[in-house]
Amino acid sequence: GAVVSQHPSWVICKSGTSVKIECRSLDFQATTMFWYRQFPKQSLMLMATSNEGSKATYEQGVEKDKFLINHASLTLSTLTVTSAHPEDSSFYICSARNAGAMTGELFFGEGSRLTVL
Amino acid sequence: AQRVTQPEKLLSVFKGAPVELKCNYSYSGSPELFWYVQYSRQRLQLLLRHISRESIKGFTADLNKGETSFHLKKPFAQEEDSAMYYCALSPASGGFKTIFGAGTRLFVKA
Numbered sequence: 279g280a281v282v283s284q285h286p287s288w289v290i291c292k293s294g295t296s297v298k299i300e301c302r303s304l305d306f307q308a309t310t311m312f313w314y315r316q317f318p319k320q321s322l323m324l325m326a327t328s329n330e331g332s333k334a335t336y337e338q339g340v341e342k343d344k345f346l347i348n349h350a351s352l353t354l355s356t357l358t359v360t361s362a363h364p365e366d367s368s369f370y371i372c373s374a375r376n377a378g379a380m381t382g383e384l385f386f387g388e389g390s391r392l393t394v395l
Numbered sequence: 002a003q004r005v006t007q008p009e010k011l012l013s014v015f016k017g018a019p020v021e022l023k024c025n026y027s028y029s030g031s032p033e034l035f036w037y038v039q040y041s042r043q044r045l046q047l048l049l050r051h052i053s054r055e056s057i058k059g060f061t062a063d064l065n066k067g068e069t070s071f072h073l074k075k076p077f078a079q080e081e082d083s084a085m086y087y088c089a090l091s092p093a094s095g096g097f098k099t100i101f102g103a104g105t106r107l108f109v110k111a
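Chains as they are written, first to last, in my numbering: chain A, 279 to 395; chain B, 2 to 111.
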């Protein structure tokens, strides 16, 4: 089946530094990928929609200059948390939709836990 | 407005009891409805979708367009069913973003 790989699984960084998280579709092409935050025992919060070859679409309240998204190829989207602060500590999840399938099914990465000291 | 509502944040049942996780949606058009599940320390994964009309791990869900509902049911809950369940809606033909409900945590007691 379709697999989405996220890297790194966890990362610890100092306040003020930037962190990049990668999301790869391993056996399918994804023109659209999505980035979420998930707080403990809470639902997914959609942050932005990553579109291959064009600018990402951010949800209301999400700072685009803070959370940089790049979707340069059909199998890779990256999320960069710039000038990270402790309040950015969270579990970040990506998902991808198979461009070749006429369905809205999403395939999820394993998530990346970010801890900002 | 497009919306997916899961009224129960937590549902606790005994092993062997029937379970129903409720999901109602609001959408102008013909959406695809899904149930995703997240087991402890695992990634989110698809459980079932309405167009398949299949039973996965004993779970079924019927799309009721009149009541705009897509409730998830299982006649006999098992301990391994304990997880977080998300109802989700996607525009037909794989359109734009998926809308998720807030999720229901199912706890099956021995």
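In short, the hints are calculated from the structure, not lab data. Glycine included, each C-beta is placed from N, C-alpha and C at the ideal position. You may find that some hints are simply not true.
[As the list claims (entries may be wrong)] Computed, partial: chain B to chain A, Cβ under 7 Å:
no. : residue
1   : 13
2   : 15
3   : 31
4   : 33
5   : 42
6   : 45
7   : 47
8   : 98
9   : 103
10  : 104
[Said to hold, decoys possible] Okay, derived cross-link-like pairs now, PhoX-like style, lysine-lysine, Cα gap no bigger than 25 Å in a straight line:
no. : chain 1 : residue 1 : chain 2 : residue 2
11  : A       : 298       : A       : 344
12  : A       : 298       : B       : 98
13  : B       : 66        : A       : 319
14  : B       : 58        : B       : 110
15  : B       : 110       : B       : 10
16  : B       : 110       : A       : 319
17  : A       : 344       : B       : 74
18  : A       : 344       : A       : 333
19  : B       : 16        : A       : 319
20  : B       : 98        : A       : 319
21  : A       : 333       : B       : 110
22  : A       : 344       : B       : 66
23  : B       : 74        : A       : 342
24  : B       : 23        : B       : 66
25  : A       : 342       : B       : 98
26  : B       : 74        : A       : 319
key: Violated hints, by number in ascending order, as checked against the structure   = Structure breaks hints 1, 2, 3, 5, 13, 17, 21, 22 and 23.
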